[in-house]
Each structure stands twice: as C-alpha cells, then as structure tokens.
Amino acid sequence: MIAVLGLVVGVVVGLFVRPVVPDGVEPYLPIAVVAALDAVFGGVRAMLDGIFDDKVFVVSFLSNVTVAALIVYLGDKLGVGSQLSTGVVVVLGIRIFSNAAAIRRHVFRA
Amino acid sequence: MERQPGTGPDEARDERLGTDDRAAHRAAQDRGDRPRGDAGEQDGEVVAPEGRDRDEEPREGASQDRDGADPTPGRAAPPGRGVAVTRVREEAWMPTVTAQRDAGAQGSRGERPAAVSSAYRTGDSPERRNAAPSGARPSDQVTEERPRAQSPAEPAGEATPAGSASREGSDAPEVAPSTGGTGAGPTGRQRLAAALWPPRASRAQFIVALLLFALGLGLAIQVRSNTDESRLRGARQEDLVRILDELDSRNKRLQEEKRDLEQQRTELENSSDQAEEARRQTEKRTAQLGVLAGTVAARGPGITLTINDPGGHVRADMLLDTLQELRAAGAEAIQINEVRVVADTFFSEDLSREGANAVVEIDGHRVEQPYRFEVIGNPQDLEPALNIPGGVVQSMEREQATVSVVRSEKIVVDALRQANQPDYARSAPE
Chain A
2 MIAVLGLVVG
12 VVVGLFVRPV
22 VPDGVEPYLP
32 IAVVAALDAV
42 FGGVRAMLDG
52 IFDDKVFVVS
62 FLSNVTVAAL
72 IVYLGDKLGV
82 GSQLSTGVVV
92 VLGIRIFSNA
102 AAIRRHVFRA
Chain P
2 MERQPGTGPD
12 EARDERLGTD
22 DRAAHRAAQD
32 RGDRPRGDAG
42 EQDGEVVAPE
52 GRDRDEEPRE
62 GASQDRDGAD
72 PTPGRAAPPG
82 RGVAVTRVRE
92 EAWMPTVTAQ
102 RDAGAQGSRG
112 ERPAAVSSAY
122 RTGDSPERRN
132 AAPSGARPSD
142 QVTEERPRAQ
152 SPAEPAGEAT
162 PAGSASREGS
172 DAPEVAPSTG
182 GTGAGPTGRQ
192 RLAAALWPPR
202 ASRAQFIVAL
212 LLFALGLGLA
222 IQVRSNTDES
232 RLRGARQEDL
242 VRILDELDSR
252 NKRLQEEKRD
262 LEQQRTELEN
272 SSDQAEEARR
282 QTEKRTAQLG
292 VLAGTVAARG
302 PGITLTINDP
312 GGHVRADMLL
322 DTLQELRAAG
332 AEAIQINEVR
342 VVADTFFSED
352 LSREGANAVV
362 EIDGHRVEQP
372 YRFEVIGNPQ
382 DLEPALNIPG
392 GVVQSMEREQ
402 ATVSVVRSEK
412 IVVDALRQAN
422 QPDYARSAPE
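Top line first, the protein sequences correspond to chains A and P. 2 is the number of the first residue of the first sequence in the working numbering; add one for each residue after it. 2 is the number of the first residue of the second sequence in the working numbering; add one for each residue after it.
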C-alpha cells in the first residue's frame, strides 16, 4: 500500500513540481522509465507468486534502469542510438507483457 | 544431509517426509512458486524452472508461464542444482514439519516457532541458495534418483490429509518473507488484497515506495515533457536532424507557395492598376476631347481680344481670318462672345446689309459688337501672331476698328456646346 502511495506521490510531484531534468540525462529518462516499469511488473508478479523479496526488487530495479540507460548511451556513442533504444523497448515490452500475463492469470484466473 | 533411499533406520518415515516435502513443493508450484526461480522471477526475468518442476508439471498456468521463459540460460542449470536447494530447504524445514506432524496440528502459521522461521529465512536467502549447489554437489546422484521414488509416492501424499496439512505448513515460509509474515492467501488475488490492505510500515515497503516514487517521478516528467512544446529537449541528435530536415523541406514548400501567391497578387495589382490607369487615361482623354469639342468648360492662360467696329467694316471673313490666325498660333479653346468655337463652327453674314447694319452670325447665333474673343493658349505666341505687321490687328485697324489684345493668366472659356452624336461616322478600332 505504501509502495502504491509512493508511486502516486511520485506522479503527482512530477506533474506539479515540474522538476528540471539535466540535459545530459534527459535522453535516457524514457528508456529508464520503461526499464523501471519492467522491474515493477516483475515485482508485482513475484508478489502475486508469493516470492517477493525487497532486496531483489531493489537490485533488479536499479540494475534494469542502469543497464537500459547504459545500452542507449552506448548506442548513442556508436551511432545506433535510436535502433538500440527501439530494441531495448521491444525487449522490455515483451517482458512486461509476459509479466502482465502472469499477473492477469493470478488476478483473474484466466 | 544425504538421504539414501532405503538406508536410514526409519526409512519409511524418511520416505514419507520426502514425499510430504515434495508435496509441499508441488503446492508451492501450484501458486507459481518455484524454489530457485524466486530471485530471477522478481526482476522480471522469467527463470527457467528446475527440471524437476517440469517433469511433474501438467499444471496449466505454470506451463504457460514457461513458454516465454524457455530460452533463458537459467534453464540450463544442472538438474542437481535445484534439488540441492530443495535439500537445503528440507534441512531447515524438517524439524518443523516433524514437529507439526507430531503435534497433529493443522499447521497454522501462527504456531510456528520463531526460531524455525528465521532458520528458514537464512536458508532461503539468495546467498545461501546460490551457495548451496556447490556445497550439496556430492548429493547429486542421490537427487537424480529422487524422481523415481517420487512418482509412486506422489498420489498418496496428495491424497492424505497429512499431506495437505504439511503443504499448508511448508507453504507459509515461502510466502512469509515477502508478505511480512501476515496471512497470505493461496490465490494471487488474495495476496494482492493482503498486500494492499492493511498498509504495513515495513522497511521493504518504504524502499519499494521510494523506488516507485522515482518511477512515478520519471514517468510524470517524461509524459509532461512529451506533451510540452519543448519535446525537442529530450530528442536525440539524429531525431533532431530528421526533424530539421522535415522542417527544411516544409519551409521550402511554404516558400514556394508564398512566392506563387505573391506573384499572383502582383499580377492582380497590376491588372487593377492597369484598369485604373486606363480609366484615368480615358478621363483625361475625355477632358481633352471635351475641351476640343466644347462640351466642357476650359480655363488657362491666354488672351482676350476685343474688336470694336462702329463702322461695320469688320465682316465675317475678317473674323474667320482672326480665328485662323489664332488657331495657327496654337489657340486651344476659343469663345467669341457667347459662342464656343469648335471644329464645325461657321461664320455667316447677311450680304444685303451694309455698314453699321451689318450682322454676323456664328453657328447661326447672331453676335453683337463688340466682338470679344476669349482665347486659351500661350499668350507669348498668341499676341505677336495677332500683332505682326500686316496681320489681323493692322488690317482691322485699317478698317477703322479698334482692337485691343490683353494677355491674361486666367482665361475662362465657359460657353458650352452639345455634343452631337454623329449620324454616320462611327469610331473604328485603330
């Protein structure tokens, strides 16, 4: 519950406080958000599976975000940034979908 | 902690225990629990289930889960690995299960001794789990055999009430670490409800809340910056280049359109200018022709010629000579008394009347003395033309007429004539 509250508060703060994101980080924010979403979906699934572990969640969240941003950064340096970020988004999207399917099975039994 | 089937002193009990334990694992798998997959599962990675799981797994949900997961390398884990983990867990759990069975309890979680729970926790922690395979390696061949012993025992374990009791009991610790020890329902829906309400202020909750806060923040920032006009800020260089190209081509298109429209506007303006110019020309021409035709009044510099002829010697022919002289000198508009002189002006006189009775008519109008000519033209040309030796003035003065020529900068010729529509002549295109 507190976690959900955290998410809601984050969205509200982001919408109303309008924090300034440093220019250097800005291109990697969307991909990091997608990676974090992937981690969150994985965490929800694990919770429904009853195997949730906060430590694993924290580590996976941070590493997901970092790795995704790093991949895009590397892609930018190599000149294939948009293709690589597309690839990352596709992979993360597939994982989000499979996790969402597991969650759906848990919640709706279908 | 190796357990060779059929070697222990109370073999039956051992066997029994193993079955229960496996049943417990089955139960855990029913909910999607996988002994080793926990860590990977959580970070979204669908970890390959242990070989054992898959062998005994005709369950619907789980097999679907695995479809997407198969290609992951975790799949290739040695068969002994997962079993070893199971064994570690068994180590930790045997006392509990035994105790519970001994007490004949239905394994309610609240009864579980805290010490056991913590023992499980340590046994279940990732480090320990990861470390377990190497430590348990010697037991590999033992575990290889386990599936064999398992299959016949399976139905029995499933059927007995003791089996379900221990399933309950062994299920709890699986859930306990994640849900903080409160009652976790067997279904995901119940777990979800339990996780959402009532709120628990545990460290894990706060850490997760912090991360989710960061996620929400990033999400909101990103959504807002995408809806903002400043969406270019986050764009990558090549995207910017592409956008710039698009803008360039669009700009070019718009420039061409603008050029076309400007050209069109210029043409329209020119045509309307031309129409205006033509109208002006026409008006000017109308005025000129009106002056010539005597339909409009005229004014300008010129002279006034007055002829006073009491003797009546100045006849129509002399007046006509005077008029010709004036026209030759460049007179543009002429009026004699109240008659406008135009192209078809004619002079006539009654030859029967002589001297002072002489009557001169111009265009059928009788003109009385003195004859007064209002002439518009260049005065410097008109006056000398009249005064040249042997000219109009001298010849009239020979006839005892008094003639005066007065220059003026302001001569008004305001006698008008009706413009007659010609009966036969029609204007022809040039």
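To be clear, the hints were calculated from the coordinates, so they are not data collected in a lab. Here a beta-carbon is modelled for each residue, glycine too, at the ideal position from N, C-alpha and C. A hint or two may mislead.
Stated by the list, open to error - Restraint-style ranges between C-beta atoms, simulated for each label pair:
#1 P/S250 - A/P20: 53 to 61 Å
#2 P/L269 - A/P20: 54 to 62 Å
#3 P/Q191 - A/G94: 23 to 31 Å
#4 P/R260 - A/V18: 44 to 52 Å
#5 A/G80 - P/F207: 35 to 43 Å
#6 A/L71 - P/R254: 37 to 45 Å
#7 A/F98 - P/P199: 50 to 58 Å
#8 A/G80 - P/S250: 50 to 58 Å
#9 P/Q191 - A/K56: 21 to 29 Å
Stated by the list, open to error - Chain A side only, calculated, beta carbon under 10 Å to chain P, not exhaustive:
#10 V12
#11 V18
#12 P31
#13 A37
#14 A40
#15 G44
#16 L49
#17 K56
#18 L71
#19 L75
Okay, the hints, checked on the actual structure:
| no. | hint | result |
| --- | --- | --- |
| 1 | P/S250 - A/P20: 53 to 61 Å | violated, 36 Å |
| 2 | P/L269 - A/P20: 54 to 62 Å | holds, 55 Å |
| 3 | P/Q191 - A/G94: 23 to 31 Å | holds, 29 Å |
| 4 | P/R260 - A/V18: 44 to 52 Å | holds, 48 Å |
| 5 | A/G80 - P/F207: 35 to 43 Å | holds, 42 Å |
| 6 | A/L71 - P/R254: 37 to 45 Å | holds, 41 Å |
| 7 | A/F98 - P/P199: 50 to 58 Å | violated, 32 Å |
| 8 | A/G80 - P/S250: 50 to 58 Å | violated, 23 Å |
| 9 | P/Q191 - A/K56: 21 to 29 Å | holds, 24 Å |
| 10 | V12 | holds, 4 Å |
| 11 | V18 | holds, 9 Å |
| 12 | P31 | holds, 5 Å |
| 13 | A37 | holds, 4 Å |
| 14 | A40 | holds, 6 Å |
| 15 | G44 | holds, 6 Å |
| 16 | L49 | holds, 4 Å |
| 17 | K56 | holds, 8 Å |
| 18 | L71 | violated, 15 Å |
| 19 | L75 | violated, 13 Å |
The earlier numbered hints that this structure contradicts are 1, 7, 8, 18 and 19.
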